[in-house]
Amino acid sequence: MKEAPAGSPAAAAPYDEPDLLRDQFRQLLRYRLLIVCGIVLGLAGGGWLGLTANETYVATAEVTVRTPTADPFAGGTVDRVAMGSERRTAVSDIVAQRAAEALGDPDRAQQLKRGLQVTNPPNTEVLRFAYSADDPQLAAERANAFVQAYLGNRQADADATIAAGVASLESQRAPQLERRDALEDELGTLFEGSAAYDNALADLSGVTSAISDLNAAIARLTSLDTTGGRVITEATPPGSPSGPGLPLLLALGYVVGIGIGLLAAWVRLVFDPTVRSPGDVTRALHAPVLGVLPRPARGDGPEELLAQGRLAEEYRSVAFRLAYDEAFAQRRRLLVVAPRGSIETPLAAAVNLTAAFAEMGMDALLVEADLRTPTLTEQLRHADGVRPGWASSPGGRGESTDWPSGLRVPIDAEESGIFDLVPGRRVRNVPRALTSPAASQLINHADAKGAVVVVLAPAVLLYADAIALTDRVDGVLVVCDPSEVHRDDLTRVRELVVGAGGLLLGAVLHSWGSGTDPREGEGEGEGDGARPGERTGEAEDRDRDGRALAVRPVPGQPHGARHRQPPGGVNREPQGSNSETMGLRILDPGALGDHEGHH
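Numbering (numbering that gives the first Met the number 0), first residue to last: 0 to 598.
One thing to keep in mind: the hints can contain errors.
Beta-carbon label-pair distances, calculated as ranges [unchecked claim]:
1. 214 x 120: 17 to 23 angstroms
2. 173 x 224: 23 to 29 angstroms
3. 120 x 204: 54 to 60 angstroms
I should point out that these hints are in silico values taken from the structure, not numbers from a laboratory.
The beta-carbon is built from N, C-alpha and C at its ideal position, and this holds for glycine as well.
Using the sequences and the hints, build the whole thing.
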């Protein structure tokens with residue numbers, strides 16, 4: 000296993016916890032539809048509650064509770080009231096029955112009690128009666144009725160207690176009164192000064208004193224103020240219903256909806272197998288993201304294979320990062336692959352990176368190792384009159400017709416210069432061709448001073464072609480769409496590449512969508528597997544407006560390498576001139592099919 004040198008792009012910096020949280024939050028915001036649906040659901044629920052819930056009015060009355068006292072103007076009471084017991088008494092069935100009788104509906108005591116709530120503010124002897132009803136007048140009436148029922152019940156209890164005490168004292172006084180009458184009668188029969196008279200007089204005095212004490216106790220009890228309390232706030236009809244109301248319910252629904260939307264987005268994120276950010280790619284590949292290709296504008300036609308504008312600058316940035324990477328600079332071999340699916344974007348990335356290396360002054364070689372559906376010879380414009388110095392075939396020209404022996408094509412990359420292309424070719428045994436000595440000799444061209452080799456291979460998880468090349472082209476660049484590739488796919492790619500002795504230099508991301516690979520379906524129905532144009536040594540081109548151009552072979556260019564000529568035989572570019580060559584672009588597959596039908 001090869002480790003990336005410190006400071007290289009392949010040495011991906013680990014994410015700390017704040018970075019992970021920020022990255023996950025940014026990924027949650029990608030599921031805007033779920034969040035919006037959650038907000039809509041919350042607003043709908045709040046609006047439904049606000050419109051369908053019955054309006055409730057709450058009327059409140061307050062009373063101060065006191066014990067019976069002889070002096071109602073005393074500054075305090077001797078005994079404090081047990082407010083817990085009083086609160087439970089206020090909501091008892093007895094008080095509810097009294098209130099129902101006062102309201103003229105004695106049979107609905109239990110129903111009336113359901114709307115009552117009694118509370119005691121801390122550190123006070125105050126009871127707060129709050130009654131909820133659909134009508135404000137009814138709420139106030141019932142609250143006052145319960146207050147009066149409670150005070151009346153409390154006074155009745157006090158009066159009953161006093162009456163019981165007075166009756167007890169009177170029962171004690173009755174024998175004393177009889178004794179006093181008997182002693183008075185006895186004194187009338189005795190002589191004054193006698194011992195019997197004195198004894199009877201002393202007994203009468205004691206009985207009279209006892210009767211006086213009992214009379215005083217009865218007088219104290221009957222003089223007590225038995226009022227249970229005083230109303231300090233009388234219930235009045237409330238002017239507005241209680242509860243949050245429609246505006247507040249909508250605001251609460253909005254907040255709850257955001258929470259529901261974020262929860263749904265988080266669940267979707269947890270069970271989403273695709274990567275949604277460069278951070279996910281970095282963690283799955285253990286390699287940095289070297290660039291993110293900009294999304295083309297909507298409505299654009301077929302993109303040129305050689306990028307322009309922002310896209311070209313992004314490719315140059317990736318190429319410079321690779322060129323100054325220590326791991327890549329030692330070998331100068333780059334394998335461009337996709338995890339799975341179409342390699343349309345990896346193909347464009349390989350071409351543009353090769354052009355960028357050529358622009359740096361390197362001897363750039365692009366090897367199309369896609370031997371199953373090769374198409375580069377049909378998509379690139381060959382340079383006119385330019386032949387590379389190493390153009391001789393490995394093993395000698397004519398000794399072998401298998402790939403990569405044979406054709407070497409110089410490619411005009413416009414202002415980037417010239418780079419060399421070894422086009423792919425359909426072969427019977429792809430693994431044998433990729434691991435042949437000729438292929439190894441071709442890839443070893445990167446060992447020359449100032450040379451760089453870029454190899455384009457099929458998707459790693461579809462064919463083993465890229466893995467067969469990894470031990471020779473050990474620097475691997477992964478090109479993928481993060482919205483379509485799975486994290487498990489990237490992890491599998493890393494395991495295969497590292498297990499084969501390769502080094503993941505990084506990844507290039509794009510958001511172009513899967514689209515349709517223009518190479519799919521090519522060669523179908525051809526018994527010998529050749530593409531249209533290969534058997535005649537010619538290929539068909541169209542101009543930028545989609546019109547068919549005349550086809551003519553170029554001298555010295557095998558396999559039908561040609562220049563375009565408009566109808567009528569007027570040559571669009573002088574032969575032998577490099578300054579007048581057109582930009583490289585992808586041919587329109589639909590227009591090419593129309594021309595083939597006429598042909």
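Status of each hint after checking the structure:
no.: 1; hint: 214 x 120: 17 to 23 angstroms; verdict: 43 angstroms, violated
no.: 2; hint: 173 x 224: 23 to 29 angstroms; verdict: 28 angstroms, holds
no.: 3; hint: 120 x 204: 54 to 60 angstroms; verdict: 56 angstroms, holds
Going down the numbered hints, you'll see the structure goes against just number 1.
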